[in-house]
Each structure stands twice: as C-alpha cells, then as structure tokens.
Amino acid sequence: KAGVTQTPRYLIKTRGQQVTLSCSPISGHRSVSWYQQTPGQGLQFLFEYFSETQRNKGNFPGRFSGRQFSNSRSEMNVSTLELGDSALYLCASSPQGLAEAFFGQGTRLTVV
Amino acid sequence: GQQVMQIPQYQHVQEGEDFTTYCNSSTTLSNIQWYKQRPGGHPVFLIQLVKSGEVKKQKRLTFQFGEAKKNSSLHITATQTTDVGTYFCAPSNFGNEKLTFGTGTRLTIIP
Chain A
1 KAGVTQTPRY LIKTRGQQVT LSCSPISGHR SVSWYQQTPG QGLQFLFEYF SETQRNKGNF
61 PGRFSGRQFS NSRSEMNVST LELGDSALYL CASSPQGLAE AFFGQGTRLT VV
Chain B
1 GQQVMQIPQY QHVQEGEDFT TYCNSSTTLS NIQWYKQRPG GHPVFLIQLV KSGEVKKQKR
61 LTFQFGEAKK NSSLHITATQ TTDVGTYFCA PSNFGNEKLT FGTGTRLTII P
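One line per chain: the protein sequences are A and B, in this order. Quick note on numbering: the first sequence equals residues 1 to 112 in the working numbering. Quick note on numbering: the second sequence equals residues 1 to 111 in the working numbering.
One or more hints might be untrue.
As the list claims (entries may be wrong) - Coverage of chain B stretches by chain A, computed from C-beta distances (three or more under 8 Å per stretch; other residues unrestricted):
#1 44-53
#2 86-97
#3 101-107
Keep in mind that the hints were calculated from the coordinates and are not lab data. Here the structure is a predicted model, which is why all the values come from computation and not from measurement. Cβ coordinates follow ideal geometry from the N, Cα and C atoms, glycine included.
Construct all of the structure, not just a fragment, from the sequences and the given hints.
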C-alpha cells in the first residue's frame, strides 16, 4: 500500500509570491490534515479536510488555504509569502479525523 | 479551550538510562495518541489510549493514560540510540475532530 505522498519535497520562493503544495493520501483515506512545523513552534495544525469539506481550521491567517478533491487528494496554498512562512509542511491522512494519522515526508519551504 | 503542556522540552540521557515524557491537559480528553519523529523524518504513530487508567506496553515503551483522562506519559526503559527523536502527544477532545499535537520532547542519547 503506497504511503502519503507530498510534492514537491523542497521549494524556494521569494517573499510576496504564492505557493501550492500537494498531498496524495493513502488510498481509501478520506481525512487529510495539514501541519506547519518550525523549530520554535512545533507542529501547528493548519486545517483538516474530509470528503472535500473543511471540517477544522487552525489559527492561521487567511493567506493559508486548502482544498480537497473528490479523489481525496489535497492541496494547500499560501499567498503573499512572508519570511516567517519558511517551514516544513506536513500532510497526514487517516480513514477518519481522529484515527491513526499517517504522515507524508513533508515539503520544505524556504522563503527568501 | 484546551491547553496541553508536554514536559520536558528536552531530555539528554546516557544510553541505558530510562526516559519519561509527560503530557498534561487542562481539560478532560477523549483519547490521546503518541507519535515519534526521528531527526529529519516525519511523525510516526506509536499508540492510541482511550480508557481511563489505561496502560499499554510496546517492548521497552510503556504508555499510560491518567485516571482523570487529563494526562498521559510515555516511559522508555533502558534507552538505546534508536530511541533518539522527538516524542509528541496528540490529545483529542470530545466532539472535535481536530488532531493537534503537544510541543514535543526531544530525546538525545549519550552513547
């Protein structure tokens, strides 16, 4: 069974640009959650999608958005990038929201 | 809202010593999960605790859920270099499908 796949693995963007990250969950998993991980703030919850609907949202500005497609694949978008958005973005999938979460390898975003 | 403290933030132990990390919540939890993240890796699920007072063991790892379901601990006996990493608790509240994580405890082993 293939694991959670995140693309790209690494990204370098310039302040003010926007970025789209992709996550393909494990087949059959309908819940996809996104997290931002930084050395100082740990694992911060961004949002969770289930069957194409955003069920939960963390405390991030509106520049952070996401969506989920009918095949459960998910994307997150960050607009008007700031230096502080540099982080590892992790996606996790599960059959449902609070079951065991399976993480992808993450996308390392660097904003310069 | 729920506030979760995970302590200690860092722990350095000699190989062979024991290690414990604690997760404390201000509210009653429905369940709690534990994850391990190796350096440069991604979090990997270890276990889920659901019942009050529950104790589960995985080889050298012992997980406990408090009687009041407000705290949990992970204890590693006789640490090995393979135990290096950051251990996160992920508590859940009733009616909230959001899986959030504690601040983590980073374990380093001195050979």
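Going down the list of hints, with the structure as the test:
1. Interface restraint, the segment 44-53 of chain B with chain A: holds (3 residues with C-beta to C-beta distance below 8 Å; minimum three).
2. Proximity of the segment 86-97 of chain B to chain A, defined as three or more residues with a beta carbon under 8 Å from a beta carbon of that chain, is established by the 5 residues found.
3. Coverage of a stretch by a chain is defined here by at least three residues with a beta carbon nearer than 8 Å to that chain's beta carbons; for the segment 101-107 of chain B and chain A the count is 4, and the condition holds.
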